[in-house]
Amino acid sequence: MGGPIISIIQLSFLLIVLVSHQTHGEQCVSPKVTSDIYTTPETLLSTETVYIVEFTLDCSNKPKELNLYAKVDDSFIQVTKSLDNKRYQLSWTSSHSQAPVGLITVDVYDGETYGKVKQAVRSGETSEYEANFQLEFNHKGVWKGAWLKSELLALTVVGLVWFLAYRHKNYICS
Amino acid sequence: MSSGKGKQTIITKDDELLLQNFSRNVTFKSSINFYMNALIVSVTPLWLFWKIHQMDPLEFGIIWIIMTLLSTWLVSFAYRNSKYVLKHKFAQKREDAVAREVLKSIPDDKKMPKKEKDERILWKKNEVAEFESTTFAIFYNNVLYIFLTILFSFYVLRSLNPNFNYMLSVGCSAGLLALFSTGTH
Numbered sequence: 023m024g025g026p027i028i029s030i031i032q033l034s035f036l037l038i039v040l041v042s043h044q045t046h047g048e049q050c051v052s053p054k055v056t057s058d059i060y061t062t063p064e065t066l067l068s069t070e071t072v073y074i075v076e077f078t079l080d081c082s083n084k085p086k087e088l089n090l091y092a093k094v095d096d097s098f099i100q101v102t103k104s105l106d107n108k109r110y111q112l113s114w115t116s117s118h119s120q121a122p123v124g125l126i127t128v129d130v131y132d133g134e135t136y137g138k139v140k141q142a143v144r145s146g147e148t149s150e151y152e153a154n155f156q157l158e159f160n161h162k163g164v165w166k167g168a169w170l171k172s173e174l175l176a177l178t179v180v181g182l183v184w185f186l187a188y189r190h191k192n193y194i195c196s
Numbered sequence: 091m092s093s094g095k096g097k098q099t100i101i102t103k104d105d106e107l108l109l110q111n112f113s114r115n116v117t118f119k120s121s122i123n124f125y126m127n128a129l130i131v132s133v134t135p136l137w138l139f140w141k142i143h144q145m146d147p148l149e150f151g152i153i154w155i156i157m158t159l160l161s162t163w164l165v166s167f168a169y170r171n172s173k174y175v176l177k178h179k180f181a182q183k184r185e186d187a188v189a190r191e192v193l194k195s196i197p198d199d200k201k202m203p204k205k206e207k208d209e210r211i212l213w214k215k216n217e218v219a220e221f222e223s224t225t226f227a228i229f230y231n232n233v234l235y236i237f238l239t240i241l242f243s244f245y246v247l248r249s250l251n252p253n254f255n256y257m258l259s260v261g262c263s264a265g266l267l268a269l270f271s272t273g274t275h
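In the order they appear, the protein sequences are chains A and B. Per our numbering, the first sequence starts with residue 23, numbered consecutively. Per our numbering, the second sequence starts with residue 91, numbered consecutively.
Okay, chain A solo, but in the shape it has when bound (with noise of 0.2 Å):
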C-alpha cells in the first residue's frame, strides 16, 4: 500500500521539477561569453539611442535549450536565441539624453536563477541573486552634429559678399 503512494508522491516531485525545468530554462555552468556589440553613433538619423549585443554562450554542461534574461535599468528583458541555438541577441533603447555613457555591465541570469530572483520579488525577499555572467562594453556616447553646420556657414559666407555687393552698389546709385 505505502509503494505505490510513495512511488506517487516521487513521480509528483519529479513532474514538478521537471516543469519549473521547463518554465525557465536549463542552467549554464561555467559561461564563456564572446559578444559583438553596436551601439547608436550619431543623433542625426536615429531619435533614440539602441544597444545590441550579439553574443556566443559556451557553457561547459552543454545546455539544449538555454533562457537567458538580462537585468536592464532595474527590469528583465529575456535574450532572444538564434533557431539553433547557438547565438544570442539583447537589445534595448534608450533616450539621447538619459543613454548611459561609457562601461556599461549588464547582468545576465540563466532560466534557473532567474526564477529564484522572481520568486524572491514575489515573496519580498531582500536577498540577492549573482548573476551567471556579465556582458560588459563600452558605449563612446551620441555625435549630435557640428556645432556649426554647412549651411549656416555657407549662407553667412554669401550673405556676407552680398551686404559688400549691395554697399558698393548703393555707392555706385548715390
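Hints are not guaranteed to be accurate.
[Unchecked claim] Per label pair, the in silico range of CB-to-CB distance:
| no. | chain 1 | residue 1 | chain 2 | residue 2 | range |
| --- | --- | --- | --- | --- | --- |
| 1 | A | Glu64 | B | Trp137 | 19 to 29 Å |
| 2 | A | Arg189 | B | Gln182 | 17 to 27 Å |
| 3 | A | Glu76 | B | Phe270 | 52 to 62 Å |
| 4 | B | Phe118 | A | Leu67 | 20 to 30 Å |
| 5 | A | Val55 | B | Trp137 | 43 to 53 Å |
| 6 | B | Ile142 | A | Glu76 | 26 to 36 Å |
| 7 | B | Ile142 | A | Asn83 | 25 to 35 Å |
| 8 | B | Lys204 | A | Val179 | 48 to 58 Å |
If you're looking for bench data, these hints aren't it; they were derived computationally from the structure. Glycine residues also receive a C-beta, built at the ideal position from the N, C-alpha and C atoms.
Once you've looked at the hints, dock chain B against the given chain A.
Just chain B now, with coordinates in the frame of chain A:
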C-alpha cells in the same frame, strides 16, 4: 544732329548710336553673355538638390529642365534691368577719370578739334560703363540668387519634400531677383 524738315524727323547715325547707348535693349553678344551666365547660375542648385536633398536626376529630370529654363530667363531679365540702371550711374561716376585718361592719351602736338575729343571721351565713357555695369550686374544678381536659394531650400522650405522644395526655392529666388531688379535704385 537730327534735322527736322517739315513733319519728318531724320535720325542720323550719331543719334542712333546715342539712342542705343542709353536704351534698355542689349546687343546680341551681350544677350548671349547674359543667358550663358544665367544658365550657369541656374544649374548650380541642381548639384545641391542631387547630392544633399537626394533627388534622383532621372526621376526629376523634366522638372529640373523646366525650372532651369524659367530661372535662366528670370535671372537674365534681372541682369538686363540691373545693367540698365547701373550703366548711367557708372557713366556719371567714371566721367572725370575717363576724360582725364583720354586727354592724357592724346599727344600734345596733335591738334584735335574739341568735338572729336568729346566724342572720344563719350565713346570711352560708354565702353567703360558698359563693361562695368554688365560685370557688376552679373556679380550682384548671382550672389543674391545663391543667397536666396540657400535661404529658401535649407531654412524656409526645409520641411517640404525635395521636389516642392526645389521648385519653390528656385522659382522664388529667380522671381524675387527679377522683382528687385525692376526697382529704380
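Evaluated hints:
1. Checked against the hint of 19 to 29 Å, the pair A/Glu64 and B/Trp137 passes, with Cβ atoms roughly 25 Å apart.
2. Under the hint 17 to 27 Å, the C-beta atoms of A/Arg189 and B/Gln182, about 18 Å apart, fit the expected range.
3. Here the CB-CB span from A/Glu76 to B/Phe270 is close to 60 Å, well matched to the stated 52 to 62 Å.
4. In this structure the supplied range 20 to 30 Å is violated for B/Phe118 paired with A/Leu67, their Cβ-Cβ distance being about 52 Å.
5. For the pair A/Val55 and B/Trp137, the beta carbons lie near 49 Å from each other, so the given range of 43 to 53 Å is met.
6. At about 34 Å, the beta-carbon gap between B/Ile142 and A/Glu76 stays in the expected band of 26 to 36 Å.
7. Between B/Ile142 and A/Asn83 the Cβ separation comes to about 57 Å, which falls outside the hinted range of 25 to 35 Å.
8. B/Lys204 and A/Val179 have their C-beta atoms about 50 Å apart, which keeps the hinted 48 to 58 Å range intact.
Consistency with the previously given hints fails for numbers 4, 7, ordered from lowest to highest.
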